[in-house]
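**Q** The chain contents come next:
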Amino acid sequence: MAEQRKPFDLLNSALNNTVIVGLKGGKEFRGVMIAYDIHMNIVLEKAELLENGEVKKGLGTVLVRGDSVVYVSPS
Amino acid sequence: MAEQRKPFDLLNSALNNTVIVGLKGGKEFRGVMIAYDIHMNIVLEKAELLENGEVKKGLGTVLVRGDSVVYVSPS
Amino acid sequence: MAEQRKPFDLLNSALNNTVIVGLKGGKEFRGVMIAYDIHMNIVLEKAELLENGEVKKGLGTVLVRGDSVVYVSPS
Amino acid sequence: MAEQRKPFDLLNSALNNTVIVGLKGGKEFRGVMIAYDIHMNIVLEKAELLENGEVKKGLGTVLVRGDSVVYVSPS
Amino acid sequence: MAEQRKPFDLLNSALNNTVIVGLKGGKEFRGVMIAYDIHMNIVLEKAELLENGEVKKGLGTVLVRGDSVVYVSPS
Amino acid sequence: MAEQRKPFDLLNSALNNTVIVGLKGGKEFRGVMIAYDIHMNIVLEKAELLENGEVKKGLGTVLVRGDSVVYVSPS
Amino acid sequence: MAEQRKPFDLLNSALNNTVIVGLKGGKEFRGVMIAYDIHMNIVLEKAELLENGEVKKGLGTVLVRGDSVVYVSPS
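Chains as they are written, first to last, in the numbering used here: chain A, 1 to 75; chain B, 101 to 175; chain C, 201 to 275; chain D, 301 to 375; chain E, 401 to 475; chain F, 501 to 575; chain G, 601 to 675.
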């Protein structure tokens, strides 16, 4: 069988692509992921804050602290 | 008696199968688990977000952070 | 006096028996405990989700993350 | 002055006696403490769940996870 | 300048005196502190549970888990 | 460029001055900071508890556990 | 391909510039970031507390504890 895939492979393959980052409490950020680390700290460019799937405001560049991340999904 | 089973054996045997991942706060993801690690970070493909057992939206591929996971159940 | 008992002795003696696992937030799982580890990650077979003591749904096999566990009680 | 007392001395001296264990969220367990460890994981026998000081249900033996414990009081 | 004071000096000087211990969620214990450790686990004697500054009930001796402590104040 | 400043420099320079300490949940303490450590445990003298910016009660000396601290601001 | 960027690069490049720091619970601070560390403890000068995007009050200098930080965004 092939070598086992690891969760962070998804982050690596999503670099420089648009992702949605779900936060504790239910809000989401959508933006282009330009950096991440092993704590799941994530930097998004052209970031937007979403509430209930709708754009609430634009944020430009944003560093999201890994401790607040619930999920990351390439969009 | 046989060798003792460990909780992560369940994750290993569920690889490439559909699982439900319950999150803090009560929401659930359902999808095909293609990767996990010792922190219980989990990658699902063909993922759907469920609320009260009903599909709320499709997410494609999603990385769920282990810190938010309450349970994992092969469906 | 006899050797002191340790909390995990209870888990060991409850292996392959039905237990109730209480979760943060108040829900409970009931099922046959087939595995656990030092983080109190627990695998139940024939698991049911309980709310206010009533069966809400069946889950088959479920891995409960130790971080969400409040108590474990042989039933 | 005498040797300084340590908090876990209280647990040791309360072994095999009835204690009340207060949990995050406000519920309490009352029972005979037969085991504890350095994480404050605690096993009670003849345990009862209390809400607002009233017995809600009997649980027999219960392992309470230290992470959920707020206080322990010999009753 | 004099040697710098450390927060735990306050606990040491308050040993065997009455203190108020504020908890996450807003409740308070008041009692005579007879022991503490580096995790801020604290043992009170003649302890009372306070809600909104009023005595709710007497508890005798109580071990408060450091993880639930917000503040400690000699009264 | 000058040597980089570190967050704890602010605590050091605020020693023996009045600070406001914001807590999880929204309450604040105001008092003279006489001690702190690397966990951000903080001792205030002449401490007052504030709710919505208004003095709720005086506390004399108080040890605030770092885990509950959200921010510290010299006033 | 170029060397991979890391999340803390964003903090470094934002030093001495105005940033918005989002907190658990939804409040935000806006101010000039003059210091940070690996825990994401952050010092802001000319800091303002924002609620729903509106200035609630001025705080002068404030040390924000990393544990409470959800995101940091250069404004």
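In case anyone wonders, no lab produced these hints; they're calculated from the structure.
Just to be clear, a hint being listed does not mean it is correct.
Straight-line distance between alpha carbons at most 30 angstroms, and here's what the computed BS3-like set of lysine-lysine pairs gives [said to hold, decoys possible]:
no.: 1; chain 1: C; residue 1: K256; chain 2: B; residue 2: K127
no.: 2; chain 1: A; residue 1: K46; chain 2: B; residue 2: K106
no.: 3; chain 1: G; residue 1: K657; chain 2: A; residue 2: K6
no.: 4; chain 1: A; residue 1: K57; chain 2: B; residue 2: K156
no.: 5; chain 1: E; residue 1: K424; chain 2: E; residue 2: K406
no.: 6; chain 1: F; residue 1: K556; chain 2: G; residue 2: K606
no.: 7; chain 1: A; residue 1: K6; chain 2: A; residue 2: K24
no.: 8; chain 1: B; residue 1: K127; chain 2: B; residue 2: K146
no.: 9; chain 1: E; residue 1: K424; chain 2: G; residue 2: K624
no.: 10; chain 1: D; residue 1: K306; chain 2: C; residue 2: K257
no.: 11; chain 1: F; residue 1: K524; chain 2: G; residue 2: K656
no.: 12; chain 1: G; residue 1: K627; chain 2: A; residue 2: K6
no.: 13; chain 1: A; residue 1: K24; chain 2: G; residue 2: K627
no.: 14; chain 1: B; residue 1: K106; chain 2: A; residue 2: K6
no.: 15; chain 1: A; residue 1: K6; chain 2: G; residue 2: K656
no.: 16; chain 1: B; residue 1: K106; chain 2: B; residue 2: K146
no.: 17; chain 1: C; residue 1: K257; chain 2: B; residue 2: K157
no.: 18; chain 1: E; residue 1: K427; chain 2: E; residue 2: K406
no.: 19; chain 1: G; residue 1: K606; chain 2: F; residue 2: K546
no.: 20; chain 1: C; residue 1: K256; chain 2: C; residue 2: K227
no.: 21; chain 1: G; residue 1: K624; chain 2: D; residue 2: K324
no.: 22; chain 1: C; residue 1: K206; chain 2: C; residue 2: K224
no.: 23; chain 1: D; residue 1: K357; chain 2: A; residue 2: K24
no.: 24; chain 1: B; residue 1: K146; chain 2: A; residue 2: K27
no.: 25; chain 1: A; residue 1: K46; chain 2: B; residue 2: K157
**Q** The structure should be examined with respect to each hint, and the outcome stated for every one.
**A** Taking the hints in turn, this is what the structure says about them:
no.: 1; hint: C:K256 with B:K127; result: holds, 15 angstroms
no.: 2; hint: A:K46 with B:K106; result: violated, 43 angstroms
no.: 3; hint: G:K657 with A:K6; result: violated, 46 angstroms
no.: 4; hint: A:K57 with B:K156; result: holds, 23 angstroms
no.: 5; hint: E:K424 with E:K406; result: holds, 23 angstroms
no.: 6; hint: F:K556 with G:K606; result: violated, 44 angstroms
no.: 7; hint: A:K6 with A:K24; result: holds, 23 angstroms
no.: 8; hint: B:K127 with B:K146; result: holds, 17 angstroms
no.: 9; hint: E:K424 with G:K624; result: holds, 16 angstroms
no.: 10; hint: D:K306 with C:K257; result: violated, 46 angstroms
no.: 11; hint: F:K524 with G:K656; result: holds, 18 angstroms
no.: 12; hint: G:K627 with A:K6; result: violated, 35 angstroms
no.: 13; hint: A:K24 with G:K627; result: holds, 14 angstroms
no.: 14; hint: B:K106 with A:K6; result: holds, 20 angstroms
no.: 15; hint: A:K6 with G:K656; result: violated, 44 angstroms
no.: 16; hint: B:K106 with B:K146; result: holds, 27 angstroms
no.: 17; hint: C:K257 with B:K157; result: holds, 22 angstroms
no.: 18; hint: E:K427 with E:K406; result: holds, 26 angstroms
no.: 19; hint: G:K606 with F:K546; result: violated, 43 angstroms
no.: 20; hint: C:K256 with C:K227; result: holds, 10 angstroms
no.: 21; hint: G:K624 with D:K324; result: holds, 20 angstroms
no.: 22; hint: C:K206 with C:K224; result: holds, 23 angstroms
no.: 23; hint: D:K357 with A:K24; result: violated, 33 angstroms
no.: 24; hint: B:K146 with A:K27; result: holds, 22 angstroms
no.: 25; hint: A:K46 with B:K157; result: holds, 24 angstroms
The earlier numbered hints that this structure contradicts are 2, 3, 6, 10, 12, 15, 19 and 23.
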